[in-house]
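Protein chains in written order, with our numbering: chain A, 101 to 494; chain B, 101 to 494; chain C, 101 to 494; chain D, 101 to 494.
Some hints here could point you the wrong way.
One-sided and incomplete, this derived list gives chain D residues near chain A with beta-carbon spacing under 8 Å [to be verified]:
# : residue
1 : S157
2 : N158
3 : A462
Straight line, CA to CA, 35 Å or less: simulated DSBU-like cross-link-like pairs of lysine-lysine [unchecked claim]:
# : chain 1 : residue 1 : chain 2 : residue 2
4 : B       : K321      : A       : K321
5 : D       : K321      : C       : K321
6 : D       : K314      : D       : K283
Chain D stretches covered by chain A per the calculated footprint, using a threshold of three residues with CB under 8 Å from any CB of chain A [stated by the list, open to error]:
# : segment
7 : 131-137
8 : 272-284
9 : 446-460
Hint data in this document are derived by calculation from the structure and do not stem from the laboratory.
Ideal Cβ placement from N, Cα and C applies to all residues, glycine included.
Number of protein chains: 4
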Amino acid sequence: MTIQSGRNFLHTPGPTNIPDRVLRAMVRPAVDLNDADFMAMALSCFGDLQKVFETESNVYIYSANGHGAWEAALVNVLSAGDCVLVPETGHFSFNWSVMAESLGLEVDYVETDWRRAIDPDMIAQRLRADSGHRIKAVLMVHTDTATSVTSSIPAIRKALNDTGHPALLLVDTIAALATVPFKFDEWGIDVAVAASQKGLMQPPGLAFNAVSQKALQMSEKATLPRNYWDWRRRHGREFYSHFCGTAPVHQLFALREALDMVHEEGMEAIIARHQSLAGAVRSAVEVWCEGGALSFNVTAAEERANSVTTILVDEAYNATALRETCSSRFNVSLGAGYGRLQGRAFRIGHMGYLNEPMILGAIASVETCLAVCGIPHGAGGTQAAIASLSESGS
Amino acid sequence: MTIQSGRNFLHTPGPTNIPDRVLRAMVRPAVDLNDADFMAMALSCFGDLQKVFETESNVYIYSANGHGAWEAALVNVLSAGDCVLVPETGHFSFNWSVMAESLGLEVDYVETDWRRAIDPDMIAQRLRADSGHRIKAVLMVHTDTATSVTSSIPAIRKALNDTGHPALLLVDTIAALATVPFKFDEWGIDVAVAASQKGLMQPPGLAFNAVSQKALQMSEKATLPRNYWDWRRRHGREFYSHFCGTAPVHQLFALREALDMVHEEGMEAIIARHQSLAGAVRSAVEVWCEGGALSFNVTAAEERANSVTTILVDEAYNATALRETCSSRFNVSLGAGYGRLQGRAFRIGHMGYLNEPMILGAIASVETCLAVCGIPHGAGGTQAAIASLSESGS
Amino acid sequence: MTIQSGRNFLHTPGPTNIPDRVLRAMVRPAVDLNDADFMAMALSCFGDLQKVFETESNVYIYSANGHGAWEAALVNVLSAGDCVLVPETGHFSFNWSVMAESLGLEVDYVETDWRRAIDPDMIAQRLRADSGHRIKAVLMVHTDTATSVTSSIPAIRKALNDTGHPALLLVDTIAALATVPFKFDEWGIDVAVAASQKGLMQPPGLAFNAVSQKALQMSEKATLPRNYWDWRRRHGREFYSHFCGTAPVHQLFALREALDMVHEEGMEAIIARHQSLAGAVRSAVEVWCEGGALSFNVTAAEERANSVTTILVDEAYNATALRETCSSRFNVSLGAGYGRLQGRAFRIGHMGYLNEPMILGAIASVETCLAVCGIPHGAGGTQAAIASLSESGS
Amino acid sequence: MTIQSGRNFLHTPGPTNIPDRVLRAMVRPAVDLNDADFMAMALSCFGDLQKVFETESNVYIYSANGHGAWEAALVNVLSAGDCVLVPETGHFSFNWSVMAESLGLEVDYVETDWRRAIDPDMIAQRLRADSGHRIKAVLMVHTDTATSVTSSIPAIRKALNDTGHPALLLVDTIAALATVPFKFDEWGIDVAVAASQKGLMQPPGLAFNAVSQKALQMSEKATLPRNYWDWRRRHGREFYSHFCGTAPVHQLFALREALDMVHEEGMEAIIARHQSLAGAVRSAVEVWCEGGALSFNVTAAEERANSVTTILVDEAYNATALRETCSSRFNVSLGAGYGRLQGRAFRIGHMGYLNEPMILGAIASVETCLAVCGIPHGAGGTQAAIASLSESGS
């Protein structure tokens, strides 16, 4: 083991940096689950999560990771053999579709080249073709961290509306929430899936569903077997019913603190900060790309995520060695190319509890490692990031 | 809010006291999930959990609570319409049976008076009657915290063996593991269910399955839809497959530390300690019972749990007021009567990270509150506990 | 090393139990010492310490332990060769007198039998005899943890007033503050010495002086060389002058939290709680004494400290073995006999962050160990403690 | 209060970043000061501090800040009226001289222009002129954080040796230790002064003296009154004598962890890391200086500290506004100009727990703020830092 001094710069696309306040909130004994203060604290999180999702509809908190909340979204509204439409956003749309299949659903998976946001016209076309309404739900990944594509959820909603197709709109916003706008009610989403360890700045271990009235109604008829994930069981008068058993005490204290921080900074300011920091990363990458060996995975600038940037590496060069150098010499953790991009890309996460010096330190380190690893790159990426931040008035 | 000085004495039957070492293990940043040290740490927990369960078979770690691991145990080995035999140990056997039903299983629920361990002859009788082998699994709660009954798992196993019935033996040892002996392989258990927040001294948020070869084979044919809980998916070469997505980083650091503590103390010593401390509680309660208003819920001394003691309160007296006095005046948290015993009992948890002064402090406080609340009780319960500990040579 | 499960019961007479809130307050990065929020937080402690001391006069915070604040009290008001009167309260009055001598002061040390509070008449007599006013200060230890004697500071003040002697009254209230009333202004104290790790519930590392106007004036003329301890240098406009250099950042966050807790509970309630818990200890000890082998060191009940109880052990029995049994078998830490009482006594600390179950757990453990060690003791000490708490309505 | 997301980049010249490991070491209850494990841990720190100072002579640990250890160094070896020679290194040599005067010493203070290391010939000249050996000690600040000058201690020692002057060599290495080589024995230092919160990565609250045999002998004759600081009293058989009273429990756990980290990384590697990171800062500053508004305070490159860099700002520009912008917009804390440089400089601290991305993040942020504040600066400072790190093979 190389001894490394100084902080790890965690720029994988999740989990993300945990604020000291959130860590501190977990330094406490376990509690009596019937303690009135504890119960009030726990219950207050539901309402504040509604604000995060911008919904007046129901939110559910699971002791689980994001995959758990994916499963919850599916099993609550679907029945064996139901068809779901899954437009490919990257590896996570693929994984979600695999899960759907394994749960006995039929999957209409629409492959893409991984480099563009989902085309709403394509969705509309598919829906129109489904005149018999076999498709019961569209499964959309808002931001896929494998590709760093962010698709427009309102555009997808519009496609559904325009075609008059009754399918539910299920949105995985795990890697997008609290980095770009997310308006559950306004956008007409039916089920949102999110988790604690990305934009919400907590340790992994909690996952969420936000659920529309339409989805709730559909859950009454859906017949996939379920208990732990079952929304209907999580409305009981007993406190424990909200968590289907023992509440995740320490995770809830962390959630409470993180929600306080979200409220204090304000969602608008949080999104502006992500926009500005992502802009700095993109400015640097743009310069680096001039060297010919690197390119943005996402071709259209406006479709690049605020949470992570996937950078393709020409096959003449070693993306893995770059990441390893960043990690071993600089203590900067980057994401690897994932799924189809394994070994051919690296990813810079830039979501959550981040600020300018953190992102600049990461960018400058990557630039240093590009030099160390002999990967051709346009000179001055970090200076471009600096210029970007000077202008953005972040 | 009354201001309370001093530590809370947490004697609900879970979550339990978290050692400082375990809390400290969570005071750290999130990590790169591909970090080699982290992955090695996480994977080491599986092997050490095998030692805790005393098995060489597989163990699975879920980001979930105990109810999640209940569901995992069911959906992995059963198919729609399968029948399960559920002998009533208290409210938790009831809840598990409700879950089974909700998942589309048929439940053969055997009611009891809640005051005795499960009679293996009754099990044998039921199994013999099931000549067609409709029963696919027996769901046994090892210790039910509602009643504080501990049943003999080897005796149940013997009943299965004696009748030659092929049903699987599923054991919920959530509230028993690490307080009494538990020998997965030797006892011929097929699926064990456990969780982090009881004898294993961690925050709630992790749950476990230990799984026999027979159960693994059965899981190949079982058709209940599953993905998050699916054992088969948790064997992948990729690290994330072990957790079906993002690993519960901080909970795993807590688990690692708790497993180190279990190893250092030694399971034999841990069980002896629980035996001794539970003995002190029972000595005190025995004296208190002489006052006529209190009685052990579990009538047979040898069936009383090492983890929790349920004490019935004569209806002339107010069990709720007793608990509230303990909590508000003494900062001692007791468990309430649960399920059928609501309002008619209180429970003293005595599992996990506990020692003599902690249990004596709790006992003496309860005794003081019995006096304050005017509940008749034999004098000198605490002295009896002291005497018990003087002799036990703990 | 014996592996010990469960919490240590820390009943040495300092340091004392640190509340989780206070520990949590220290889990944070270092700060920019010029940060406005930090400076405001740090400065707010001075005012709140004034409330604790019940003074409108100056308070000084030292990065030091109690001995440091002893030295500060002496060097700020005295000059080489000055005489101080030191009535013997136990080993701490002795140590303070040794310090005074080593700093070039003349010490008039009045020996006692260690079993009674300081007799104000004796003080008056000494002062009257000092018609030339050679005595410049009286050094009083409010509660001496070696003996557990608490002396009446108002009575000593009255002795000074009655004799019209101009000597300053210096009071070491390290082991008394926040366990019994302390009224700096009303009682006419000139310098108070206190520290962080006793009634104030913090880690050791901070020490305090409260200083009257008279003492401040005297400090202008006092000629003992000083800089770090010099009150006059700690009034500068610059923030760092308050701490004579780098502020003890983490200790100040701990202090801030502890002061919040003191304020929330209220000094009156804190003292009542100490009175009640000390009463429980004394009730138990009284019963134990009936066995003939044990006795209170302090003969007069009203002179026994609220913070610690010193119990003499007949020389036929082994006080050290008792403490070691308590520690190794029960994880209860008692204080040893100190100074003149080495090997002949043990001490039960009962100050700071404590409540009924904590003290009852300790008492019951000591009682168990008395049995284990074969030390004769009246039966039922813990029951007497229980009875005491039932009545005290704490 | 502006809400700031992300970590504070703490680049004041102390306190410095505290590693999570060190913070974690303090998340624990107070201990019985007679606990054998605790005492062994505490005592082990003395030996490991000897390794840090590279001495086989004595080390003393004070509950105090650096000013306390300054006072300790003086009062242990000097007597009233003794003369000390203090070459001006910046504001800290001045403050130390003020302390010396206030303690009744005569100070021969040699003013400088603050921009050069101390000239050993000047020292030799002064010592030769002191044929009567009135000068009893030379007070040298190894690195003065006000100026960021590092002087050569061996050269000063040589001056003493060459002149055969018997004065002791007292060295304040508070801001140099663990950033540049420090060889107490080899260099013939008599008293070293250090503190916990700089290169040693702990919270402020501990300070140290390392003491030569010659200084120990001199302390036998020195007559300045002392007790808390007295080395002679800190050799007692009793554990508490090492700390003159209550040991600073939590600070010692922090110290133990920090010493482990120092040992794991190795002093040579630590110094190389500081050299490399300081080199990156200096590379950036060099480029910025080309803009004409900024200049290094220290004119000779080889005299610039590895721990902090002081940058003069032309009076046409606002150094304070620059720092405030860095702090409020970027959460990067810089040091202000101090003493004579107040309002005319800013300082970038780069000592302690730091790595490449941390320093690059700080450099890039400063560069951004120079642009934001309209302070002319050569373009490409950060790129120069990147180039410096690419080459340094850190």
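Consistency of the hints with the structure:
| no. | hint | verdict |
| --- | --- | --- |
| 1 | S157 | 28 Å, violated |
| 2 | N158 | 29 Å, violated |
| 3 | A462 | 6 Å, holds |
| 4 | B:K321 x A:K321 | 27 Å, holds |
| 5 | D:K321 x C:K321 | 27 Å, holds |
| 6 | D:K314 x D:K283 | 16 Å, holds |
| 7 | 131-137 | violated (count 0) |
| 8 | 272-284 | violated (count 0) |
| 9 | 446-460 | holds (count 8) |
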